[in-house]
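Listed here are the chains, written in short residue letters.
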Amino acid sequence: MDHNEVMTGQSAMENSTRDSDRATGESGQLILELRVPAKADRLKLIRALVRSVCVSQKCHSEIADGMILAVDEACQNVVRHAYVDEGGDLILTVRAEPGCLVYEIRDFASRAYCGGDGPAAPDHERIGGLGTHFIHATMDEVRYVSPPDGGPGTLLRLARYID
Amino acid sequence: MKVHSRLEADVQVVVVEGEVDLETSPQLRKVLMGAVSKGNGTIVDLSGVPYMDSSGIACLVEAYQKARTAGGRFVLAQVGDTVLSTLKLAKLNRVFTITDDLRTALDKG
Chain U
0 MDHNEVMTGQ SAMENSTRDS DRATGESGQL ILELRVPAKA DRLKLIRALV RSVCVSQKCH
60 SEIADGMILA VDEACQNVVR HAYVDEGGDL ILTVRAEPGC LVYEIRDFAS RAYCGGDGPA
120 APDHERIGGL GTHFIHATMD EVRYVSPPDG GPGTLLRLAR YID
Chain E
0 MKVHSRLEAD VQVVVVEGEV DLETSPQLRK VLMGAVSKGN GTIVDLSGVP YMDSSGIACL
60 VEAYQKARTA GGRFVLAQVG DTVLSTLKLA KLNRVFTITD DLRTALDKG
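Line by line, the protein sequences give chains U and E. Number 50 in numbering that gives the first Met the number 0 belongs to position 51 of the first sequence; there are no gaps in the numbering. Number 85 in numbering that gives the first Met the number 0 belongs to position 86 of the second sequence; there are no gaps in the numbering.
The following block holds chain U by itself, in its conformation from the complex:
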């Protein structure tokens, strides 16, 4: 097991009211923050945690399924493309804003790998880009923002209205 894997999910969920007072510099109530190596075998854990968040927020099952898929695809992009040979972590942060769940996926890759914010058109003859299409099709907001600490890497913000 990787020694740098820190899971704050369960404790963060249990203490979410206290976490909202933390000086995170971000709006909304922090529900979950998870840092894991950007590896394919972590995606199942990520999906399970997002599913737990959806249950705790009483999300409709279809909306929950969409968010799980989008977050999985976004994290999959980090696993596939962010760290070519160097290895690295990804951080998933989940916040509750009024009527909305916000997911931020952060990597620290030294090279740019993400494309624009526009949706990729589905085409069963062209397999690449399907994950990006899923993200745009299931989330209300998809945008890349500058990492708050000004550091390297990419920060992808996904938001979904759940009311």
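If you are wondering where the hints come from, they were derived from the structure by calculation, not from laboratory data. Please note that a few of the clues may not be correct.
To be verified - Among chain U residues calculated to face chain E with C-beta under 8 angstroms, some are: (1) P36; (2) D40; (3) L42; (4) S51; (5) D64.
Unchecked claim - Okay, derived cross-link-like pairs now, DSSO-like style, lysine-lysine, Cα gap no bigger than 30 angstroms in a straight line: (6) U:K43 to E:K107; (7) E:K1 to U:K43; (8) E:K90 to U:K43; (9) E:K90 to U:K57; (10) E:K87 to E:K65; (11) U:K57 to E:K87; (12) E:K65 to E:K37; (13) E:K87 to U:K38; (14) U:K38 to E:K90; (15) U:K38 to E:K107; (16) U:K43 to E:K29; (17) U:K38 to E:K1; (18) E:K87 to E:K107.
Keep in mind that this is a model prediction, so the values were computed, not measured. We put the CB at the ideal spot given by N, CA and C, even for glycine.
Given the coordinates of chain U, assemble chain E onto it according to the supplied hints.
Then chain E, alone, in the frame of chain U:
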């Protein structure tokens, strides 16, 4: 995830159990391509698949294209609601032949 293939009524039936994602889709791809290469029709039983991401979908598409090139049938059987919703997002529900049960899929094959 578990995946295996068996011959039934002269058709390759690929049975998949578990979530299909970036970690497990290579295993699915290997079995699917092996099944399609046998030249019989191929049925993919997805009744035991609660989740499939784009990497899993890509495996299905690749196998479908290979089957189509070889002139063989390729059918998805017993697709759960979540996976079906994902296929619909990609508009692939209009591309694949999808049946509600294995019996119907075998009859089509």
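Tested hints:
| no. | hint | in the structure |
| --- | --- | --- |
| 1 | P36 | 13 angstroms, violated |
| 2 | D40 | 5 angstroms, holds |
| 3 | L42 | 5 angstroms, holds |
| 4 | S51 | 15 angstroms, violated |
| 5 | D64 | 5 angstroms, holds |
| 6 | U:K43 to E:K107 | 35 angstroms, violated |
| 7 | E:K1 to U:K43 | 15 angstroms, holds |
| 8 | E:K90 to U:K43 | 25 angstroms, holds |
| 9 | E:K90 to U:K57 | 29 angstroms, holds |
| 10 | E:K87 to E:K65 | 21 angstroms, holds |
| 11 | U:K57 to E:K87 | 25 angstroms, holds |
| 12 | E:K65 to E:K37 | 11 angstroms, holds |
| 13 | E:K87 to U:K38 | 28 angstroms, holds |
| 14 | U:K38 to E:K90 | 29 angstroms, holds |
| 15 | U:K38 to E:K107 | 40 angstroms, violated |
| 16 | U:K43 to E:K29 | 21 angstroms, holds |
| 17 | U:K38 to E:K1 | 20 angstroms, holds |
| 18 | E:K87 to E:K107 | 22 angstroms, holds |
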